[in-house]
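**Student:** So the chains spell out like this:
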Amino acid sequence: MDLSEKLILILSGLPTTLAISILSFLLGFIIGLPLAFVRTYTSKPFQILVDGYEKVLRSVPEIVTMLFLYFGVGGIPAFRFPFKNSFFVATFALGLRSGANQSQVFRSAIRGIGEEQMVAARSLGLSRLQAVFHVMIPQTFIIATPGLGSEYALLVKDSSYSFILGVIDMMRRADTVRKTSLDTVFPYIATALLYILLTFPLATYLDSWGSRKKKELGL
Amino acid sequence: MADTVLECRNLWKIYGKITAVKDVSLEVKEGDIKLVFGPSGSGKSTLARCLAMLTTPTKGEVILTGENLTRSGVDLNKARARIGFVFQHIWLFHHLTALGNVELGLRQVLKLPKEEARERALQALREVKMEGWAEHYPAQMSGGQQQRVGIARALAMNPEIIILDEPTSSLDPELTGEVVDTLRDLAQKGTTMLVISHEMTFAREVADEMIFIDEGAIIERGPPELFFTNPTSERARRFMARLIKRTRRE
Ligand SMILES: Nc1ncnc2c1ncn2[C@@H]1O[C@H](COP(=O)(O)OP(=O)(O)OP(=O)(O)O)[C@@H](O)[C@H]1O
Ligand SMILES: [Mg+2]
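Those sequence lines, one after another, are chains A and B.
Just so it is clear: in the first sequence, position 1 is 1 by this note's numbering, and no numbers are missing.
Each number in this note's numbering comes from the position in the second sequence (counting from 1) with 1000 added on.
Just chain A, same shape as in the assembly (with noise of 0.2 Å):
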């Protein structure tokens, strides 16, 4: 094997990191984003039940929540399907926890916009839902970019953890190379460095373009 062959077979495995990457992300955005709304704007009940998400999905290791859900939720015969799918369990598990991640990001978006704008909006006559998809969400998208772009990078670092279920990603293509080739050190640089491209500029460029936009409209 020599090292471009290496590489390729390495790279056979991005598709794979990256699905789980940006499907998880999707998933965490769809949970996230209300759960801030409803954190911020609803009565303590639930609000309670919103931390306590919150709480539990950012202090349980990934790794605990990925076993959990494909041998424990896995192994009752009704949930066979989709946990015993190990790709599904790792997109759904990260994307539980990314979810309590967007939540916060989101509402401390939301705190940052301040009482005023709602107020404003409500003044004209906007409900409560109207000013929260009118006014709050797009400055709450806005101010929520650079952490939204941290959040992906760190998503695109965990997938790698979905190795343990054995889904086939970059991780895994990296380990299979060091198995078969012997070699002990590219696969890892190699990988180490794709990593690092696939986080890097987008989070970058995410926080960069958000500061400016903050800075721009005065947020």
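Rather than coming from a laboratory, the hints here were simulated on the basis of the structure.
Certain hints may be false.
Calculated from the model, a selection of chain A residues having no Cβ within reach of chain B, i.e. all distances over 12 Å [unchecked claim]:
#: 1; residue: V38
#: 2; residue: I113
#: 3; residue: E116
#: 4; residue: I189
#: 5; residue: P201
#: 6; residue: W209
Quick list of simulated restraints, FRET-style, between CB atoms [stated by the list, open to error]:
#: 7; chain 1: B; residue 1: T1247; chain 2: A; residue 2: F46; range: 31 to 41 Å
#: 8; chain 1: A; residue 1: K44; chain 2: B; residue 2: D1181; range: 42 to 52 Å
#: 9; chain 1: A; residue 1: D51; chain 2: B; residue 2: E1061; range: 33 to 43 Å
#: 10; chain 1: B; residue 1: G1073; chain 2: A; residue 2: L18; range: 47 to 57 Å
#: 11; chain 1: A; residue 1: R212; chain 2: B; residue 2: G1073; range: 41 to 51 Å
#: 12; chain 1: A; residue 1: S43; chain 2: B; residue 2: D1075; range: 51 to 61 Å
Computed from a predicted structure; not experimentally measured.
The beta-carbon is built from N, C-alpha and C at its ideal position, and this holds for glycine as well.
Using the hints, position chain B with the ligands against chain A.
**Tutor:** Same frame as chain A, but now just chain B with the ligands:
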């Protein structure tokens, strides 16, 4: 006799130990210009917000053209759309242009079609002489320009009354003039207004009645002449003396 547009009866707003509004009753008739003033922390903003039902009064009634807004089951969104509000600290929507700010209520609340909303928004911006800034974001405007857009935003909804909460107090002195000019234009057009302001020249010119508030309660009310010549209460007398001295200095 003109019809009553907005009134409150025995209105109270209590925050824990603080009584921000204390048993206030007032009535604004069509075409009226009421000017409310008083020291900082006297409850002016709280009163204004209660009148617009942006906060719920603790006690008392707010009545908009005969409809009691403090009863349960009233559609407050509909009511708020009929009351224009201009904020002390402006509060334009940061993410929208001047035009976007004015259009939002027209599109989402009045449900006007796109073209019509745009036309009406531009018309409102024209009235405050900001049509040339339609595509600019609030952060690109001066405070005075922002506040004029704030007035256009309220005006465009064609409200039955506009409540303005110290529209010039957050502006540098050299920018208050343009906003006061805009208010004068509104007054000339016969707009029904409740203005909280300490611009005494403006007050004397346009107010039908001045209402002096201290510690949440109405201390004295009457035509501007009363306040400028001979206020009855000691508190109003002292406050007027301070204001007039300040106006002269500017
Ligand atoms: N949301 C609130 N919670 C608790 N106290 C409040 C709240 N809003 C106002 N207050 C209090 O009510 C009193 C009246 O405040 P308000 O802002 O209405 O005064 P104001 O006359 O508008 O003052 P200013 O001239 O400084 O704008 C103050 O003591 C203030 O601290
Ligand atoms: Mg005030």
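**Student:** Evaluate each hint against the coordinates.
**Tutor:** Now the hints, each set against the structure:
1. At roughly 21 Å from the closest C-beta of chain B, the C-beta of A:V38 stays outside 12 Å, upholding its exclusion from the interface.
2. With a minimum CB-CB distance of about 8 Å to chain B, A:I113 fails to clear the 12 Å threshold, and the non-interface call is violated.
3. Against the 12 Å criterion, A:E116 falls within the reach of chain B, whose nearest CB is about 5 Å from its own CB.
4. With a closest Cβ-Cβ approach of about 44 Å to chain B, A:I189 is found to remain outside the 12 Å limit, as its non-interface label requires.
5. The claim that A:P201 is not at the interface with chain B holds, since no C-beta of that chain comes within 12 Å of its own (minimum 26 Å).
6. Annotated as non-interface, A:W209 keeps its C-beta farther than 12 Å from every C-beta of chain B; the closest such distance is 14 Å.
7. Hint check: B:T1247 to A:F46, Cβ distance near 52 Å, so the stated range 31 to 41 Å is violated.
8. The hint said 42 to 52 Å for the Cβ distance between A:K44 and B:D1181, and at roughly 48 Å that hint holds.
9. Here the CB-CB span from A:D51 to B:E1061 is close to 39 Å, well matched to the stated 33 to 43 Å.
10. Distance hint for B:G1073 and A:L18: a CB-CB separation of about 53 Å, consistent with the stated range 47 to 57 Å.
11. The given range of 41 to 51 Å is respected by A:R212 and B:G1073, whose C-beta atoms sit roughly 47 Å from each other.
12. A beta carbon spacing of about 22 Å between A:S43 and B:D1075 contradicts the range 51 to 61 Å that was offered as a hint.
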